[in-house]
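Assemble chain A onto chain C, guided by the hints.
Residue numbers (the numbering used here), protein chains in the order written: chain C, 1 to 378; chain A, 1 to 390.
It cannot be assumed that every hint is accurate.
[Unchecked claim] With a straight-line Cα cutoff of 16 Å, these simulated EDC-like cross-link-like pairs (lysine to aspartate or glutamate) come out:
id, chain 1, residue 1, chain 2, residue 2
1, A, K352, C, D341
2, A, K43, A, E218
3, A, K352, C, D340
4, C, K275, C, E368
5, A, K180, A, E259
6, C, K314, C, E358
7, C, K314, A, E218
8, A, K352, A, E259
9, A, K117, A, E154
Simulated from the structure, these hints should not be mistaken for laboratory data.
For reference, the chains in residue letters:
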Amino acid sequence: MKEIYLDNSATTRVSRKAAEKAVEIMTQHYGNPSSLHSKGLEAQHDMEAAGDLVAASIGCTREEIFFTSGGTEANNTAVFGAAYALRRRGKRIVTTDIEHSSVREAMSRLEQEGFEIIRLPADINGRVSAEDIKKAITKDTILVSIMAVNNEVGSIQPISGVKRIIEAAASPAVFHADAVQGYLKMPLRPKKYGIDLMTLSGHKIHAPKGVGVLYKRRGVRIIPLHTGGLQQSGVRPGTEPLPLICAMGEAVREYGNTEERTEAVKAVSEYCRAKLKNTEGIEINSPEDALPYIINFSAVGIRSETILHYLADKGIYVSSGSACAKGQKSHVLRAMGLSDDRIDSAVRVSFSDENTEEDIDIFIKELENALRTLARKR
Amino acid sequence: MKEIILAKLGEIVLKGLNRKNFEDVLVKTIKRRLYRIGSFKVKCVQSTITVTPLSDDADIDEAADCISKIFGIAAYCRACVAEKDIEKIKTAACEYLADHFSRIGSFKVEAKRSDKKFPLKSPEIAREVGGCLADRFPEVAVDVHTPDAVVTVEIRDDAAYIHSEVFKGAGGIPVGTGGKAAILISGGIDSPVAGYMMAKRGVELTAVHFASPPYTSERAEEKVAELLKRVSLYSGRIRMYTVPFTKLQEEIRDKCHEEYFTIIMRRFMMRIAQEIAEQNECQALVTGESLGQVASQTIGAVACTDAVCSMPVFRPLIGMDKEEIIGISRKIDTFEVSIQPYEDCCTVFTPKHPRTRPVLSTVIDEENKIDYAPLIADALENLKVTDISA
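This is chain C alone, in the form it adopts within the complex (with noise of 0.2 Å):
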């Protein structure tokens, strides 16, 4: 039986190249970037190397790279390190119904703490507002934190215009951008758009998982998570992670030239979702203009969890847009204003370029038999 893996939003397949890398680091470049010794300094010069293409692949410098543990740390860091750097300059923070769980309980945790936190709603389509964005920022808001592309249904969210909106209300505001979802497949250009902090993760782009980078541009103050040694510097203390780290360049390396490899992949999505529409009793809920990485949909009347497994059962590896009965249903399908069936059935299938046509079409006639021979839900 083949394997079809339709969850690279979930992770993916590490890329030989990198683990290889991470191999090498491993038994040959082992040392400590920290040491004085030449063992080290050559592990520095890894973890630079690294830290080069990252940098490269979204046009900043080295300096401003910062490796995390992944993406959860590096939202984590950026949502609470500004928003204690800025206390003392307000206390509202503006971000979207429809953030990564690593930035939503960041932002309730420091409710409880005192800020006020505004999260804008999203329409059907997924997507907040700008005219929202615009006005919810004040001049005493701290920290503005929108993601780059939503995890669930892959919308593209406003953010390049969100700088501009701050500088025009006069606002201390810090902008994070959760770009998870969306690095290596589109453009993300944090001096372009005018983001200050931006979250990226290895183990969506074919790295192992376990490190993530932070994009903190020069002269943005953040108060660290952690405290301990001078490593990056102070910013993210503790021995790196090197063969994550140097890994993780690989597939930058691999895997950065996005244009091309996201014209590949939107052909396959284009032709997925063609024959999704085609498809009776299956409902799209990824809006049109959506990253063609992501599409999801629901399977009116069959519970996500059925599909999975029933998908699973014959080799093809999807995700389950909801959690289960007993669990919570999908915040960002809930935000989008989607009815509570719709929202227990949601699938979501995520594409890599290892995907190909012939993959879609065996998905479909899959899920044709999943749709034709499963009982429904009354």
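Coordinates of chain A only, in the frame set by chain C:
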């Protein structure tokens, strides 16, 4: 310093002529449960069980934790073993009790001399050891009326034992002395607690779990195995039968009226569980139902499900509130596992408005729309068996 565990028997001391049987079962249980921890000697004398480590690698902390979960033991304590010489007893007491004495404000000493050849009499032993402890721990007062701790010095034939801190045991009666029953387990909070409570009354458990792939996941099944593993710390080994239940559920879904879905499903579960119970020489079924908790747990619904059973169905949680049940599940460490969110066989196809007062004749009419006998036979032929022990 050599340390042993002394366990006091629970209510089995009240048994009459069967008492020896109960004690034997308990000693065997303790031996079996301690087997994976190391080599121990387990002996029962005068309703006290002595657990002595035989090898150096036998971990006494782990053994004590294990003993705390064995039913039939009302209380236990750890004791230090000393040579039968008053000076050595005093030295050992001062050293061994230092930790406990740092947490208490007052104490007294009691002595029991069963070896009458020991030169000092009991009150003299108490005075000697008490005086020594009072000198060594001046901040802990002597209080013969309401002390925080009673230090006991026992002079036995083989050695002297010193102990002070008594821990509550699991209570109940030894597993295996109460027969054997099959528990229906879904993966929720209630059924593991029901299993624990029956084990406490000496019942050995066999588990029956219903799986409905693809509506339920492998994780739901793994979750049940993990729950049973935790229950097995109390109940001993559990054999788990996983019943393929998809076809039956789909049939009910397709052919029966929606409001009767749950009740008919439960009747099928009971029939299958009873069959498995009989094959395993179980004499009863156990469920985690609590009256009125959900629509299928009303008196009327219970009556309709029990109508297919010829064995007794025990529902140890029937009169408990959810909060009480959660309290026990936290105590036995199953709560965190139970709340993992996976679909289970009870949540699949749940009707929006199930019948709370079903009429048996209507239920039977609805049920007869399905040719269920071959489906049940098919499910019973495809059981998956997993042996679970901690």
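Sort out which numbered hints this structure fails and list those numbers smallest first. 2 and 5
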